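Enquirer: Please construct the entire structure, taking both the sequences and the accompanying hints into account.
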Amino acid sequence: MLLFRYSAVTSNGHRIHYDRDYARDQEGHDLVVHGPLLAIFLQDHNWCGQLFACSNSASVASPPVFVDAAFYVEAAAGAQKNELALWIRDAAGAQAMRASAVFS
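The letter at position 42 of the sequence shown is residue 105 when you use my numbering, and the numbering goes up by one with no holes.
Since the hints were made in silico from the structure, they are not lab data. Each statement offered as a hint is correct.
Okay, the calculated beta carbon distance ranges per label pair:
#1 S74 / S167: 28 to 36 angstroms
#2 R78 / A142: 36 to 44 angstroms
#3 A155 / P99: 21 to 29 angstroms
#4 Q89 / A154: 22 to 30 angstroms
Fair warning: this is a prediction, and the values are worked out from it, not measured in the lab. Don't be surprised by glycine CBs; every beta carbon is placed ideally from N, CA and C.
Expert: Set out below in structure tokens:
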């Protein structure tokens, strides 16, 4: 239901995000989680244990994340003191998205 609603809110009519039969029969895979939705998952987590203003962020999507498949949202210290390296990986360890966030 989340993918269908996100598709509606973002005016994304591509059926690979909400029509499982279409995705499987026409595209050959399960439903795909929206890349921008994954970026929201990265940005929405309270990584520092307290609230900070995120002054800049960037993300790059790689292979798709499929519905009903486990994925993990993770972070580590970035190159700068006020920076975090963020990523999403699938259950096999493949990186599906990477991002960085700078906090002010």
